[in-house]
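Chains S and Z supply the protein sequences, listed in that same order. For the first sequence, the positions run 110 to 280 when our numbering is used. For the second sequence, the positions run 484 to 674 when our numbering is used.
By construction, these hints were calculated from the structure, which means they are not laboratory data.
Calculated lysine to any residue pairs in the SDA-like style (CA-CA distance at most 25 Å, straight line):
1. S/249 with Z/561
2. Z/643 with S/273
3. Z/555 with S/246
4. S/116 with S/136
5. Z/643 with S/274
6. S/140 with S/233
7. Z/555 with S/247
8. S/249 with Z/586
9. Z/655 with S/252
10. Z/643 with S/247
11. S/271 with Z/597
12. S/263 with Z/582
13. Z/655 with S/242
14. Z/643 with S/248
15. S/249 with Z/655
16. Z/502 with Z/614
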Amino acid sequence: MTELLKKELGSTFRDILVTGSGDNRVTVSVKPEQVLTVLRFLKDKGFDHLALLSAVDWIEEKEFELVYILACYMQDADEDRDNGKLHLIVKTRLSREKPQFQTIIGIFPNAEPYEREIHELFGINFQSHPRLTPLLLERKYKIPPFRKDFDTRKYVEEVFDKIPLVENKEK
Amino acid sequence: MDRNQITKWLKEPAKMANKYSLHAIYFCTGCGIIEVPPVITARWDAERFGVIPVATPRQANLFLITGYVSVKTLRAIIRTYEQMYEPKYTVGFGSCPVNGGMYWDSYNTIKHLDKYIPIDGWIAGCMPRPEAIFIAVTHLWTLIDKGMATGYIRYKENYKSYRRNQEMALGKLQWPPLHPIDSDSEEAERD
Chain S
110 MTELLKKELG
120 STFRDILVTG
130 SGDNRVTVSV
140 KPEQVLTVLR
150 FLKDKGFDHL
160 ALLSAVDWIE
170 EKEFELVYIL
180 ACYMQDADED
190 RDNGKLHLIV
200 KTRLSREKPQ
210 FQTIIGIFPN
220 AEPYEREIHE
230 LFGINFQSHP
240 RLTPLLLERK
250 YKIPPFRKDF
260 DTRKYVEEVF
270 DKIPLVENKE
280 K
Chain Z
484 MDRNQITKWL
494 KEPAKMANKY
504 SLHAIYFCTG
514 CGIIEVPPVI
524 TARWDAERFG
534 VIPVATPRQA
544 NLFLITGYVS
554 VKTLRAIIRT
564 YEQMYEPKYT
574 VGFGSCPVNG
584 GMYWDSYNTI
594 KHLDKYIPID
604 GWIAGCMPRP
614 EAIFIAVTHL
624 WTLIDKGMAT
634 GYIRYKENYK
644 SYRRNQEMAL
654 GKLQWPPLHP
664 IDSDSEEAER
674 D
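Using the sequences and the hints, build the whole thing.
In structure tokens:
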């Protein structure tokens with residue numbers, strides 16, 4: 110199955126790097142502009158479940174990496190495609206200076222909270238996302254807190270340690 | 484009931500009634516809440532100690548804060564605490580409310596909970612055993628007996644600085660102050 114999928118991906122798309130690690134894990138590295146078509150292609154092949162959308166900050170290479178993990182909920186009807194055991198990881202790299210990308214809500218609607226979270230924690234802007242409002246955080250941060258150049262200890266010293274203890278009047 | 488406690492009951496009936504019927508608000512924060520279901524059910528049976536969980540803060544007088552407090556949870560904790568009737572007692576459960584615990588350098592976790600609401604007792608540990616809750620409850624009995632569980636009175640007295648700390652952490656609060664904040668009177672009291 111893995112070989113068949115690898116062959117299909119290689120013949121359909123240019124500039125695509127397909128590597129398989131282990132028996133049931135396939136990593137597909139693509140260019141940012143190809144992501145939407147690759148995801149749509151894979152969805153048609155039976156990978157109808159976006160299990161996770163995550164991001165990695167490669168600060169030395171000045172790039173963000175978006176990681177889409179796809180899985181297959183339904184066992185495919187035809188026997189040769191045993192997609193159910195396969196994890197498909199689609200990776201793409203964005204520039205760190207201007208982190209901007211397309212939303213994939215049109216393909217996988219459940220990407221909406223993931224994209225909101227990544228926008229909040231990494232500061233990646235997803236174009237045409239319906240609502241990029243704060244999801245988890247309560248405070249405002251100058252640098253999004255999951256970036257590697259965000260210094261958590263300095264932040265704790267500046268914010269939480271500055272709050273004084275409540276003085277007791279009895280003393 | 485112990486017979487030699489009868490004089491105590493007659494002297495301070497309110498205190499004894501508070502002591503032996505603690506209603507704990509079922510407020511779940513962090514990982515410590517996983518210890519609470521066995522505590523209140525058949526295995527450890529908190530009702531032996533007069534502790535039962537209740538659904539809303541209006542019915543509760545014991546607040547167990549079970550685990551790390553994120554900034555967003557702090558808002559809910561303050562609102563819950565202010566809705567509870569007096570006398571009310573708070574117990575911080577686990578290391579995280581004490582000083583942040585393993586989240587001491589986290590960007591989004593409250594480190595010292597007693598800067599924001601008054602705490603009557605702490606249970607240290609990560610995680611404390613369910614027995615530790617009962618030790619805390621019996622300690623709380625002693626504190627109530629001696630009139631030392633005064634968290635809600637301290638909250639009233641130092642409300643201005645509590646509110647200031649809350650606003651430093653959360654920004655402007657959307658609800659009105661629970662107790663009147665009168666800066667002049669507080670200055671006069673201090674003198």
